[in-house]
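Residue numbers (my numbering), protein chains in the order written: chain A, 1 to 390; chain B, 1 to 390; chain C, 1 to 390; chain D, 1 to 390.
Honestly, the hints are just simulated from the structure, not real lab data.
Hints may contain errors.
As the list makes no split between identical chains, a pair holds if one copy fits it or if it spans any two.
No more than 25 angstroms apart at the CA atoms, straight line, and that leaves these computed lysine-lysine pairs for BS3-like [stated by the list, open to error]:
id: 1; residue 1: Lys37; residue 2: Lys142
id: 2; residue 1: Lys49; residue 2: Lys2
id: 3; residue 1: Lys54; residue 2: Lys237
id: 4; residue 1: Lys385; residue 2: Lys142
id: 5; residue 1: Lys282; residue 2: Lys216
id: 6; residue 1: Lys2; residue 2: Lys385
id: 7; residue 1: Lys238; residue 2: Lys212
id: 8; residue 1: Lys3; residue 2: Lys71
id: 9; residue 1: Lys237; residue 2: Lys282
id: 10; residue 1: Lys282; residue 2: Lys238
id: 11; residue 1: Lys54; residue 2: Lys282
id: 12; residue 1: Lys121; residue 2: Lys71
id: 13; residue 1: Lys238; residue 2: Lys3
id: 14; residue 1: Lys54; residue 2: Lys3
id: 15; residue 1: Lys5; residue 2: Lys71
id: 16; residue 1: Lys2; residue 2: Lys37
id: 17; residue 1: Lys37; residue 2: Lys282
id: 18; residue 1: Lys54; residue 2: Lys5
id: 19; residue 1: Lys5; residue 2: Lys121
id: 20; residue 1: Lys3; residue 2: Lys49
id: 21; residue 1: Lys2; residue 2: Lys71
id: 22; residue 1: Lys212; residue 2: Lys282
id: 23; residue 1: Lys216; residue 2: Lys237
id: 24; residue 1: Lys212; residue 2: Lys71
id: 25; residue 1: Lys212; residue 2: Lys237
id: 26; residue 1: Lys37; residue 2: Lys3
Protein chains: 4
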Amino acid sequence: MKKLKVGMIGGGFMAKAHSLAMTAAPMFFDDGIILEKYKIADVSMESAKAAARKLGFASYTDSWQEIIEDKEIDIVDIVTPNHLHEEMAIAAAEAGKHIICEKPLGRNSEETRRMLSAVEKAGVKHQVAFNYRKTPAVALAKKYIEDGEIGRILSFRGTYLQDWSANPDSPLSWRFQESSAGSGALGDIGTHVIDLAHYLVADIEQVMAMTKTWAKERPIQDVGADSLGNIKSDSCKKGPVDVDDQMITLLRFENGAIGNLEATRNAWGRHNYLTFEIHGEKGSLYFNYERRDELQVCFSEDPDDRRGYKTIYTGAAHPYGDGLWPIPGLGIGYSEVKMVEMHDFLHSLQQDTSCQPSFLEGHRISEVSDAILRSAANNQWETTKSLTMK
Amino acid sequence: MKKLKVGMIGGGFMAKAHSLAMTAAPMFFDDGIILEKYKIADVSMESAKAAARKLGFASYTDSWQEIIEDKEIDIVDIVTPNHLHEEMAIAAAEAGKHIICEKPLGRNSEETRRMLSAVEKAGVKHQVAFNYRKTPAVALAKKYIEDGEIGRILSFRGTYLQDWSANPDSPLSWRFQESSAGSGALGDIGTHVIDLAHYLVADIEQVMAMTKTWAKERPIQDVGADSLGNIKSDSCKKGPVDVDDQMITLLRFENGAIGNLEATRNAWGRHNYLTFEIHGEKGSLYFNYERRDELQVCFSEDPDDRRGYKTIYTGAAHPYGDGLWPIPGLGIGYSEVKMVEMHDFLHSLQQDTSCQPSFLEGHRISEVSDAILRSAANNQWETTKSLTMK
Amino acid sequence: MKKLKVGMIGGGFMAKAHSLAMTAAPMFFDDGIILEKYKIADVSMESAKAAARKLGFASYTDSWQEIIEDKEIDIVDIVTPNHLHEEMAIAAAEAGKHIICEKPLGRNSEETRRMLSAVEKAGVKHQVAFNYRKTPAVALAKKYIEDGEIGRILSFRGTYLQDWSANPDSPLSWRFQESSAGSGALGDIGTHVIDLAHYLVADIEQVMAMTKTWAKERPIQDVGADSLGNIKSDSCKKGPVDVDDQMITLLRFENGAIGNLEATRNAWGRHNYLTFEIHGEKGSLYFNYERRDELQVCFSEDPDDRRGYKTIYTGAAHPYGDGLWPIPGLGIGYSEVKMVEMHDFLHSLQQDTSCQPSFLEGHRISEVSDAILRSAANNQWETTKSLTMK
Amino acid sequence: MKKLKVGMIGGGFMAKAHSLAMTAAPMFFDDGIILEKYKIADVSMESAKAAARKLGFASYTDSWQEIIEDKEIDIVDIVTPNHLHEEMAIAAAEAGKHIICEKPLGRNSEETRRMLSAVEKAGVKHQVAFNYRKTPAVALAKKYIEDGEIGRILSFRGTYLQDWSANPDSPLSWRFQESSAGSGALGDIGTHVIDLAHYLVADIEQVMAMTKTWAKERPIQDVGADSLGNIKSDSCKKGPVDVDDQMITLLRFENGAIGNLEATRNAWGRHNYLTFEIHGEKGSLYFNYERRDELQVCFSEDPDDRRGYKTIYTGAAHPYGDGLWPIPGLGIGYSEVKMVEMHDFLHSLQQDTSCQPSFLEGHRISEVSDAILRSAANNQWETTKSLTMK
């Protein structure tokens with residue numbers, strides 16, 4: 001059993017999710033690696049100390065560079081706002097550390113291209129946390145597609161709908177500022193759907209998009225507040241929002257399929273409504289993360305009098321079923337999804353294969369995101385790949 | 001109680017639906033008008049006779065012109081393939097008859113503009129059968145919107161998914177030919193979603209669309225077959241499909257809302273999956289015609305700990321509740337929807353108000369459809385209204 | 001095409017439903033019989049006249065005996081409160097008329113035994129309006145069971161939940177009085193579930209039941225009100241309720257299956273929630289009338305990695321699909337269910353076969369109902385059949 | 001931060017679930033206690049070693065008595081087959097250790113009465129792992145009820161349906177033998193519903209039940225197999241099943257409510273279908289663990305035109321929301337439910353309050369289970385409490 005030391009940068013809700021996964025994955029899957037929660041960095045000594053205590057890290061610091069410089073650390077896990085990813089990841093790569101980085105990989109594809117170059121040059125393992133493809137039901141969808149069960153894919157329909165910022169008085173966190181987030185609903189949640197589209201269908205070749213900012217300004221958070229969180233502000237001072245609240249785009253895939261994709265944080269009643277429906281020549285697939293134990297599938301080969309969408313609850317007979325709970329419906333939660341993600345990372349380390357999704361996939365998603373923003377600005381179809389890359 | 005005589009042109013499944021509604025509406029609603037099923041025309045004397053016998057018409061003919069020329073007839077009901085609508089409707093208008101016309105109103109907006117001119121000039125009542133807005137749950141959505149319950153509308157998401165032609169061996173009926181249908185999934189089912197969007201949100205100002213023809217050819221139906229039906233063919237000869245199987249479009253509404261809309265007949269497992277979701281500043285609405293007794297609504301004003309989508313089963317407390325069944329869930333079927341449509345038509349006749357939707361709405365939908373086809377051909381945003389109309 | 005004359009007794013909501021079905025069934029199914037709405041009787045000349053006008057009857061009367069005595073009438077359709085069924089049905093039988101009678105057939109099995117004897121003696125056709133088994137999805141369940149698709153049946157779980165009288169201030173209509181209704185939720189709605197259990201599983205042999213009356217008294221309706229309706233009362237005078245608001249029973253079937261069944265009108269949020277779930281050795285079936293276009297079915301023979309409940313939307317490929325709408329999801333409503341019921345009645349007349357369900361089935365249901373009331377009173381298992389009958 | 005040492009007895013899937021919860025709970029909730037995974041016992045040194053390695057225990061043994069005797073251990077966690085609970089728990093109590101015991105607490109109420117006496121005498125903390133009441137949506141149901149939101153409770157309808165043993169060739173594990181399990185579906189899953197009924201409604205006073213054993217014999221597992229698991233057997237030798245596969249019971253609650261409850265492992269297509277519906281004078285609640293992020297609630301006070309079941313996704317605004325994921329729909333899985341359970345246990349330790357549910361609740365459930373078995377044997381209503389206890 002190999003033991004590897006982790007340095008985590010960031011101490012918010014994602015730090016909790018990753019820390020849990022590090023501890024839990026070995027209880028569920030046998031990847032031959034145990035992770036040691038070695039050191040955590042946060043914006044202040046106080047918050048770093050609290051995070052270390054809560055999440056079980058042996059030490060803490062308010063300097064993320066200390067994580068990079070610590071020779072003991074094998075893996076750097078970056079769970080900070082988007083604008084910090086590039087500098088941290090490149091530094092970690094240059095220090096020879098394996099990297100897990102929260103999504104989106106960067107604010108734009110210039111950043112992600114540099115990040116990709118750095119990790120490739122350094123020869124370290126790199127994974128970007130588009131975790132939703134790790135849901136067993138999504139992996140089952142992938143399996144059906146690869147096995148040809150729904151035939152050639154014709155179209156894809158994806159949504160990610162939330163309502164946590166539908167109230168225009170929710171505070172102006174870093175997620176509403178281009179300088180820290182890169183984009184709004186697009187980067188925050190839309191990129192998850194892009195990842196699923198790439199994973200399940202094919203690379204997106206062209207996009208035609210619209211974006212909207214519904215709340216042009218929001219209450220400024222107190223300066224003293226933790227910049228990583230979303231603490232409600234009593235302040236009546238407002239600041240401008242310069243990213244999208246909603247994004248819709250048409251899609252052309254490299255394999256000839258078409259589709260559309262939407263992300264919004266202004267959809268009252270939808271919370272984590274990440275859905276896709278895929279129609280193939282021989283069947284259809286539907287998934288809604290809010291009911292993530294289930295994959296819906298329709299096979300055209302069923303007889304006319306008994307064809308219909310079937311609800312599959314994932315369990316022992318499905319992907320990751322060996323490690324997870326023995327009975328379908330015991331429950332796939334965020335914990336289980338994050339465990340599977342960590343398991344895949346550890347498995348890649350152990351087997352010395354490339355992680356999925358890696359910075360390469362993360363970079364491709366950034367290229368699509370950039371094309372979406374260009375398309376929305378220019379009102380025209382945009383190609384996602386630069387000529388030199390393709 | 002006024003009695004009006006109806007001449008129906010067409011003898012297929014829609015003739016049945018309209019005939020039922022004519023008989024049933026007065027049992028449910030008190031509009032002061034009784035319709036007499038006076039004469040029906042179909043493509044042959046044999047099929048016309050059979051239709052008359054089955055649907056309860058007193059007489060029949062194989063000449064639609066005979067319907068127009070019969071002075072006894074007050075109302076002409078056109079339930080034929082799309083390419084016949086214009087000539088028939090204009091003739092009926094010029095003969096001073098009120099008109100019900102199946103949807104889409106015509107193959108394109110040139111036809112529908114002429115049809116609109118004719119009925120306006122003639123001063124007759126005119127209704128186009130976009131019946132789905134007549135579903136009580138849709139009318140309830142309209143009421144909530146008009147009452148301001150969900151505030152300013154931000155976005156609209158509409159789909160109409162079917163699978164009856166997903167099998168490429170389903171026959172080449174008139175619905176797959178531009179000359180008879182005008183367009184494919186767009187005209188056949190997409191126009192219903194456009195109607196709902198116009199009804200519930202606002203006029204669509206601009207579109208950006210894609211279309212696809214998945215089955216480029218289909219088996220030719222026997223020449224002897226009834227051209228109105230979809231009789232399965234044993235023939236192995238195939239003919240070209242020159243309309244869209246699938247259409248997706250982005251939407252910009254006149255009131256600033258945005259959205260998207262999709263129609264396909266290649267969605268295995270979806271049958272009559274006409275859905276919309278509308279997000280407003282103060283709430284959301286969701287409807288799926290396959291579960292048409294229900295409207296889902298989320299109000300933002302609900303307290304944080306008890307906010308969520310609520311499932312309303314329409315009944316006596318909701319639109320058309322006075323006439324329909326007394327208890328929610330007894331069941332809204334196609335019969336009930338068509339009855340409501342006929343009731344509204346009779347009510348307009350009795351009150352001398354304009355029908356909803358009329359040829360004006362039908363024409364506007366054709367303009368949007370034309371813009372969608374232009375956009376898909378030109379790969380650019382298109383404005384739906386010609387300058388002179390606006 | 002044979003023409004038969006109908007005399008209807010009763011002018012409320014059920015009269016509307018039956019009248020519609022009489023007119024509509026021949027448009028959908030070819031049974032070789034046309035029904036003529038000849039005469040209708042109601043409690044007063046005024047209400048009878050109004051019903052005749054609305055529902056399309058040629059004549060009317062305030063004397064139900066006039067219906068019986070009219071030699072022109074072939075079929076008597078009884079849609080009155082329960083306590084009137086026996087006298088009317090026996091008189092109609094003795095007059096040699098075919099009979100459709102609303103459910104429950106009588107207030108108790110003594111009444112229904114006499115009714116059954118009368119129709120058998122008279123040799124007339126007799127049908128009792130347990131209409132929910134006529135839903136295409138229920139007929140599909142029956143077909144699957146008969147074809148052995150779910151194997152030997154192990155258990156049955158049935159509910160009929162409503163909330164129209166959950167408010168204790170809803171008026172004391174005839175449905176809350178033993179003298180007119182026989183029983184409460186049991187007879188009104190529970191008998192529908194008993195019918196489905198008998199139809200789909202086997203005869204119920206033994207029951208063990210509880211009943212509850214939640215609202216012991218309700219506001220008295222104005223004396224002047226139509227006794228057939230449920231007109232809201234302004235009166236503050238209250239009268240006693242002497243029937244059950246809720247009934248739950250365990251079931252033992254003749255074929256060894258077990259189950260339970262529940263009916264209540266005090267289930268806020270449930271409107272016409274008639275459901276069953278049947279587990280067999282080889283599969284399961286689930287149905288909910290509030291989503292009546294759908295049957296859910298799980299086949300154990302499906303492979304482990306793709307087993308689950310499948311949602312079948314009934315259409316052309318399913319029972320009654322030849323006559324009803326051509327595409328699944330166009331919509332099965334109360335109209336369609338009642339049409340199918342009338343079609344089956346006409347088909348039995350034309351083919352000279354016995355109706356399903358007939359007074360025999362209606363009587364068996366009454367025996368079960370009686371046993372349920374006995375069991376609830378005596379707190380013990382009761383056998384449903386008297387020894388002499390079995 | 002207090003540190004307590006845990007000794008776990010048992011190494012199967014439940015050991016994993018509990019171990020995860022011990023590690024995870026402090027990351028989510030601040031209870032002032034950290035648990036140290038000190039020692040684990042399993043049936044052999046080999047399996048104990050493997051479990052220790054996988055689950056992170058510092059030491060291991062094949063003697064459960066060693067856990068009891070180890071003075072370092074503060075808490076004993078019992079995750080063994082049912083017939084071992086009594087001896088282990090009493091020994092642990094007498095050794096002064098706090099106890100977590102898997103459910104059902106014992107094979108029958110004689111055992112549980114002795115267990116309850118032992119822990120009460122010893123003055124240790126005791127919790128029984130009826131974990132489903134720890135689901136946030138269930139806790140929300142409890143809160144609504146306590147706040148009077150649905151008024152006086154009229155009725156309860158509970159199910160727990162699974163299909164993992166619907167195949168009669170699934171092996172004869174300890175769960176199918178009275179000597180090791182006490183009862184079948186009743187004890188295994190039915191007791192969870194009893195716990196929810198007691199938690200949400202009131203104590204069950206009387207039951208009237210049926211049980212069935214559908215598969216009278218099952219293939220014997222290899223002797224060498226781990227007795228804790230359900231390893232598939234190749235053996236063609238079969239042994240008798242002497243417990244129930246299915247149980248249905250009527251319920252009378254102490255507060256006057258009525259209801260019914262069912263458990264079966266022969267329900268193809270249902271996996272962990274633990275549901276309840278509760279109807280009150282002012283509203284209704286519905287929960288299905290297979291969609292455990294959601295609570296459905298209907299409030300009668302809503303206006304007539306907007307009353308219906310509302311789907312609440314639990315999140316920050318609901319019970320346990322402070323500790324769990326910040327956005328509804330991120331996902332409640334089995335991990336999260338078990339974490340909440342552990343949090344409540346730690347909280348009770350820290351605050352020195354009694355655990356919920358404790359051995360007292362576990363014993364009460366056993367009394368109800370015993371009454372159910374008596375009732376099924378005797379075909380009569382049975383009172384759940386012995387006179388001396390009440």
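Checking Lys282 and Lys216: alpha-carbon separation at most 25 angstroms within a copy, between copies, both or neither? Close across copies (17 angstroms), not inside one copy (45 angstroms); limit 25 angstroms.
I want to check one pair: Lys238 and Lys212. Are their C-alpha atoms no more than 25 angstroms apart within a copy, between two copies, both, or neither? within (19 angstroms within a copy, 46 angstroms between copies)
With identical chains, the pair Lys3 and Lys49 could be close in the same copy or across copies; at 25 angstroms between alpha carbons, which is it: within, between, both, or neither? both (24 angstroms within a copy, 18 angstroms between copies)
With 25 angstroms as the alpha-carbon cut-off, assign the pair Lys37 and Lys142 to within, between, both or neither. Cα proximity of Lys37 and Lys142: none, with 32 angstroms in one copy and 38 angstroms across.
Using 25 angstroms as the alpha-carbon threshold, which applies to Lys282 and Lys238: within, between, both, or neither? Classified as between: cross-chain Cα gap 21 angstroms, same-chain 52 angstroms, threshold 25 angstroms.
State whether the alpha carbon distance between Lys212 and Lys237 is at most 25 angstroms within one copy, between copies, both, or neither. So Lys212 and Lys237 pass the 25 angstroms test inside one copy only (23 angstroms; across, 50 angstroms).
When no copy is named, should Lys5 and Lys71 be tagged within, between, both, or neither for a Cα gap of at most 25 angstroms? within (10 angstroms within a copy, 33 angstroms between copies)
25 angstroms Cα cut-off: does Lys121 pair with Lys71 within a copy, between copies, both or neither? Within one copy, since 19 angstroms is at most 25 angstroms while 55 angstroms is not.
Since the copies are identical, ignore which copy is meant and state whether Lys54 and Lys5 lie within 25 angstroms (CA to CA) inside a copy, between copies, both or neither. Cα proximity of Lys54 and Lys5: in one copy and across copies (18 angstroms, 18 angstroms).
Within, between, both or neither, where Lys385 and Lys142 count as close if Cα-Cα is 25 angstroms or less: Within one copy only: 24 angstroms inside, 43 angstroms across.
For Lys37 vs Lys3, is the C-alpha pair at or below 25 angstroms within one copy, between two copies, both, or neither? Answer is both; intra-copy 10 angstroms and inter-copy 18 angstroms each pass.
My question is about Lys212 and Lys282: at a cut-off of 25 angstroms on alpha-carbon distance, are they close within one copy, between copies, both, or neither? between (36 angstroms within a copy, 17 angstroms between copies)
Checked against the numbered hints given earlier, the structure breaks hints 1, 3, 6, 11, 13, 17, 24 and satisfies all the rest.
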